[in-house]
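Participant: Quick mapping for you: the protein sequence lines, in order, are chains A and B. Residue numbers for the first sequence follow the numbering used here, beginning at 1 and rising by one. Residue numbers for the second sequence follow the numbering used here, beginning at 1 and rising by one.
Where hints are given, some of them may not hold.
To be verified - Here are the simulated DSS-like pairs of lysine-lysine, each with C-alpha atoms no more than 25 Å apart in a straight line:
hint	chain 1	residue 1	chain 2	residue 2
1	A	Lys121	B	Lys220
2	B	Lys59	B	Lys77
3	A	Lys112	B	Lys362
As the list claims (entries may be wrong) - Selected chain A positions facing chain B (in silico; Cβ < 10 Å):
hint	residue
4	Ser91
5	Gly187
6	Asn189
7	Gly191
8	Gln192
9	Thr221
10	Thr259
Don't read these hints as lab results, they were simulated from the structure. We put the beta carbon where it would ideally sit given N, CA and C, even for glycine.
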Amino acid sequence: MDIFLQLTFSGIALGMIYAVIAFGYQLTFATSGTLNFGQGEALMLGALVGLSLAGGVMGGPYINYWLMIPLVMLFGALQGVVVERIGVRPSIKTKNEFGWIMSTIALAIIFKNVAENIWGKDDLTFPSPVSSTPFQIFGANVQIMQVIVVLGALAMMLAVELFNRKSIYGKAVVATANDSDAAGLMGINTGQVVTFSYALSSATAAFAGVLVAPLTLTGATMGTALGLKAFAVAIIGGLTSGVGAIVGGLILGIAETLTGYYISTGYKEVPGLLLLLLVLAIKPSGLFGKTTIKKV
Amino acid sequence: MKIKSAGLVAAISALMAVSAWAADPIKVGVSGPFTGGSAPMGVSMRDGVKLAVSEINAKGGVMGRQIVIVERDDEAKNERGVQIAQELINKEKVVATLGFANTGVSLASQRFYQEAKIPVMNNVATGSLVTKQFVAPEFADNYIFRNAAHDTIQSAMIVDEAIVRRKFTKVAILADSTNYGQLGREDLEKALDKKGIKAVAVEKFNVKDVDMTAQLLKAKQAGAEALLTYAIGPELAQIANGMEKLSWKVPMIGSWTLSMGNFIDNAGKNGNGATMPQTFIQEGNTPKRKAFIDAYVKAYNPANGRIPSPVSAAQGYDSVYLLAAAIKQAGTTDGPKVREALESLKEKVDGVVAVYDKPFSKDDHEAIKMGMPVMGQVLEGRVVTVK
Numbered sequence: 001m002d003i004f005l006q007l008t009f010s011g012i013a014l015g016m017i018y019a020v021i022a023f024g025y026q027l028t029f030a031t032s033g034t035l036n037f038g039q040g041e042a043l044m045l046g047a048l049v050g051l052s053l054a055g056g057v058m059g060g061p062y063i064n065y066w067l068m069i070p071l072v073m074l075f076g077a078l079q080g081v082v083v084e085r086i087g088v089r090p091s092i093k094t095k096n097e098f099g100w101i102m103s104t105i106a107l108a109i110i111f112k113n114v115a116e117n118i119w120g121k122d123d124l125t126f127p128s129p130v131s132s133t134p135f136q137i138f139g140a141n142v143q144i145m146q147v148i149v150v151l152g153a154l155a156m157m158l159a160v161e162l163f164n165r166k167s168i169y170g171k172a173v174v175a176t177a178n179d180s181d182a183a184g185l186m187g188i189n190t191g192q193v194v195t196f197s198y199a200l201s202s203a204t205a206a207f208a209g210v211l212v213a214p215l216t217l218t219g220a221t222m223g224t225a226l227g228l229k230a231f232a233v234a235i236i237g238g239l240t241s242g243v244g245a246i247v248g249g250l251i252l253g254i255a256e257t258l259t260g261y262y263i264s265t266g267y268k269e270v271p272g273l274l275l276l277l278l279v280l281a282i283k284p285s286g287l288f289g290k291t292t293i294k295k296v
Numbered sequence: 001m002k003i004k005s006a007g008l009v010a011a012i013s014a015l016m017a018v019s020a021w022a023a024d025p026i027k028v029g030v031s032g033p034f035t036g037g038s039a040p041m042g043v044s045m046r047d048g049v050k051l052a053v054s055e056i057n058a059k060g061g062v063m064g065r066q067i068v069i070v071e072r073d074d075e076a077k078n079e080r081g082v083q084i085a086q087e088l089i090n091k092e093k094v095v096a097t098l099g100f101a102n103t104g105v106s107l108a109s110q111r112f113y114q115e116a117k118i119p120v121m122n123n124v125a126t127g128s129l130v131t132k133q134f135v136a137p138e139f140a141d142n143y144i145f146r147n148a149a150h151d152t153i154q155s156a157m158i159v160d161e162a163i164v165r166r167k168f169t170k171v172a173i174l175a176d177s178t179n180y181g182q183l184g185r186e187d188l189e190k191a192l193d194k195k196g197i198k199a200v201a202v203e204k205f206n207v208k209d210v211d212m213t214a215q216l217l218k219a220k221q222a223g224a225e226a227l228l229t230y231a232i233g234p235e236l237a238q239i240a241n242g243m244e245k246l247s248w249k250v251p252m253i254g255s256w257t258l259s260m261g262n263f264i265d266n267a268g269k270n271g272n273g274a275t276m277p278q279t280f281i282q283e284g285n286t287p288k289r290k291a292f293i294d295a296y297v298k299a300y301n302p303a304n305g306r307i308p309s310p311v312s313a314a315q316g317y318d319s320v321y322l323l324a325a326a327i328k329q330a331g332t333t334d335g336p337k338v339r340e341a342l343e344s345l346k347e348k349v350d351g352v353v354a355v356y357d358k359p360f361s362k363d364d365h366e367a368i369k370m371g372m373p374v375m376g377q378v379l380e381g382r383v384v385t386v387k
């Protein structure tokens with residue numbers, strides 16, 4: 001039982017990381033029908049900028065971990081705006097259905113190369129802001145940082161939901177998501193809303209980056225694998241549902257750790273991806289996604 | 001103006017022709033991972049090579065000719081290694097190549113040197129197969145040499161440390177999924193088998209994996225008293241840190257990569273006590289070694305005065321002297337003659353790892369023999385000799 005609980009806890013911590021990144025995919029998909037395939041790189045940049053501010057790699061530390069987080073999110077937001085302006089807006093304007101796919105991938109590769117040149121190709125240690133000695137819950141060991149990851153991810157998603165429901169700007173986002181053309185006719189600047197959603201999406205990714213970095217290692221290549229897994233999560237959970245991202249993330253995270261232990265560590269990624277194939281075959285809009293009817 | 005510049009061009013080209021005739025340098029290739037997770041090995045190896053080359057050149061070179069190295073970053077990728085091998089052989093026309101930190105890259109690239117009859121000195125890669133790829137009877141001559149402790153020696157030392165010295169009976173093997181990790185795992189299993197012991201858990205993981213919970217829990221549940229490891233720095237650090245996450249701590253005993261800077265730094269205090277075979281430890285216990293360490297630190301100024309991978313630096317340094325001795329004895333840079341000279345070195349080569357007395361023969365291309373490496377241990381961010 002201890003073992004099962006231990007694996008589940010690790011799976012939850014891992015799954016919540018996937019969930020936050022998947023959430024970022026959803027934010028931009030809702031407003032513009034496009035995705036930023038550089039979501040993993042946004043996470044990586046966030047972690048490395050965070051490390052430069054709160055760690056010793058650039059002659060720091062300049063500020064402490066907690067003060068660094070808002071700055072990193074601001075940086076993430078700016079980075080998101082850049083992606084939207086350069087990579088996505090041109091193809092939305094020209095109604096090019098696939099241009100944004102290649103351009104966000106291209107930007108992701110560029111970001112990775114830039115990061116390799118600034119921070120090097122080596123993995124770096126991110127100093128943990130809290131003690132890394134684990135404590136026990138029902139006989140299973142949990143680190144404080146793992147709890148922070150889970151709570152931080154949930155808080156982030158909750159904040160975005162509240163913003164969308166309560167504030168006038170949030171309502172503009174929801175309106176654009178529901179019907180972009182109608183929202184435009186009602187006087188909402190949908191272009192700005194799309195830019196905003198990209199900023200928000202990259203800010204969440206950057207936030208996820210500084211959350212996960214103390215648990216793993218930080219480096220230019222850290223985002224690629226995470227971004228891809230999170231994309232699987234977004235598909236499993238559904239690209240239109242916040243709850244879907246959480247559930248999808250938890251399913252994939254827990255499936256990985258359980259398979260690793262009970263079946264074989266060589267196959268730990270397989271069940272999650274089999275589930276992905278299954279979902280695509282049976283319910284293509286995802287477990288929690290709304291079925292969209294595309295009118296031609 | 002035109003005439004002037006034409007004259008200048010003529011003068012420069014004449015100068016170049018003269019200098020090319022006068023120097024006619026000996027070109028030696030260096031292929032290693034200078035970036036990525038294996039970079040501490042590659043960079044230290046390259047710097048060790050450079051140090052030896054500049055010493056030899058300062059004393060007038062070999063046969064009155066200067067040694068020039070052509071260095072290439074193979075990024076620890078097999079396909080990059082293959083491209084580099086072809087470039088060094090066909091375009092740069094190197095006399096010999098030193099290097100390879102990764103067994104997979106080495107196995108993939110060596111074929112081209114073997115076919116071109118150009119000697120290769122593996123100074124870091126340790127896979128047992130590395131020097132056995134082209135042996136008799138299929139191949140008349142083997143152009144692949146090595147001056148690094150191969151995995152058969154290392155796995156025997158690891159098992160000796162765990163089973164004989166520390167008297168553990170239950171051990172788990174954790175290895176990464178690369179050629180290096182999986183070949184090492186086989187060697188460990190064979191070495192354990194000789195002591196009549198079977199590992200209680202054999203787990204693998206991928207490079208870049210961030211969560212080792214499942215592997216560690218399996219080892220823990222199986223009652224492992226020690227972890228025997230075969231992987232490179234960053235993932236080894238994930239293992240050490242993963243044990244902390246589970247508040248479980250057993251000794252890590254593994255291949256020499258536990259001495260890599262990126263293991264020691266990323267594992268921090270969790271890395272203390274990790275034990276591994278070493279051909280060279282940055283302690284300077286002989287004048288020759290001390291001089292080498294001082295020269296390295298002075299020339300390359302590594303962070304905290306710690307060589308990123310002292311073993312690689314020392315072996316890189318020695319590989320140049322072994323090759324230089326062979327070229328001198330052969331009196332030519334002709335590949336087959338240099339190979340013959342390496343197989344019958346008359347001069348004792350005084351290296352920093354050891355004094356090499358007839359290091360190679362026709363059938364034995366391993367310079368490092370059982371008994372030469374010692375056990376090292378991580379202590380507060382450095383590797384020290386196990387007393």
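Participant: For each hint, tell me whether it holds in the structure or not.
Facilitator: Each hint, compared with the structure:
1. Taken as a hint, the Lys121 (chain A) and Lys220 (chain B) pair is broken in the structure, with Cα atoms around 33 Å apart against an allowance of 25 Å.
2. Simply put, Lys59 (chain B) and Lys77 (chain B) have alpha-carbon atoms about 36 Å apart, too far for the 25 Å limit, and the pair is violated.
3. Taking the CA atoms of Lys112 (chain A) and Lys362 (chain B), the gap is about 48 Å. The hint is violated against a cut of 25 Å.
4. A hinted interface residue such as Ser91 (chain A) counts as satisfied when its beta carbon comes closer than 10 Å to some beta carbon of chain B; here the least separation is about 31 Å, so the hint is violated.
5. Interface restraint check for Gly187 (chain A): the shortest CB-CB distance to chain B comes to about 46 Å, outside 10 Å, so the restraint is violated.
6. Annotation: interface hint on Asn189 (chain A) violated; nearest CB of chain B at approximately 40 Å, more than 10 Å.
7. With a cut of 10 Å, the hint placing Gly191 (chain A) at the interface with chain B is violated, because the nearest CB-to-CB distance is about 38 Å.
8. Given the 10 Å rule on beta carbons, the hint for Gln192 (chain A) is violated: about 37 Å separates it from the nearest Cβ of chain B.
9. Interface restraint check for Thr221 (chain A): the shortest CB-CB distance to chain B comes to about 7 Å, inside 10 Å, so the restraint holds.
10. A least Cβ separation of about 8 Å between Thr259 (chain A) and chain B falls short of the 10 Å threshold, and the interface hint therefore holds.
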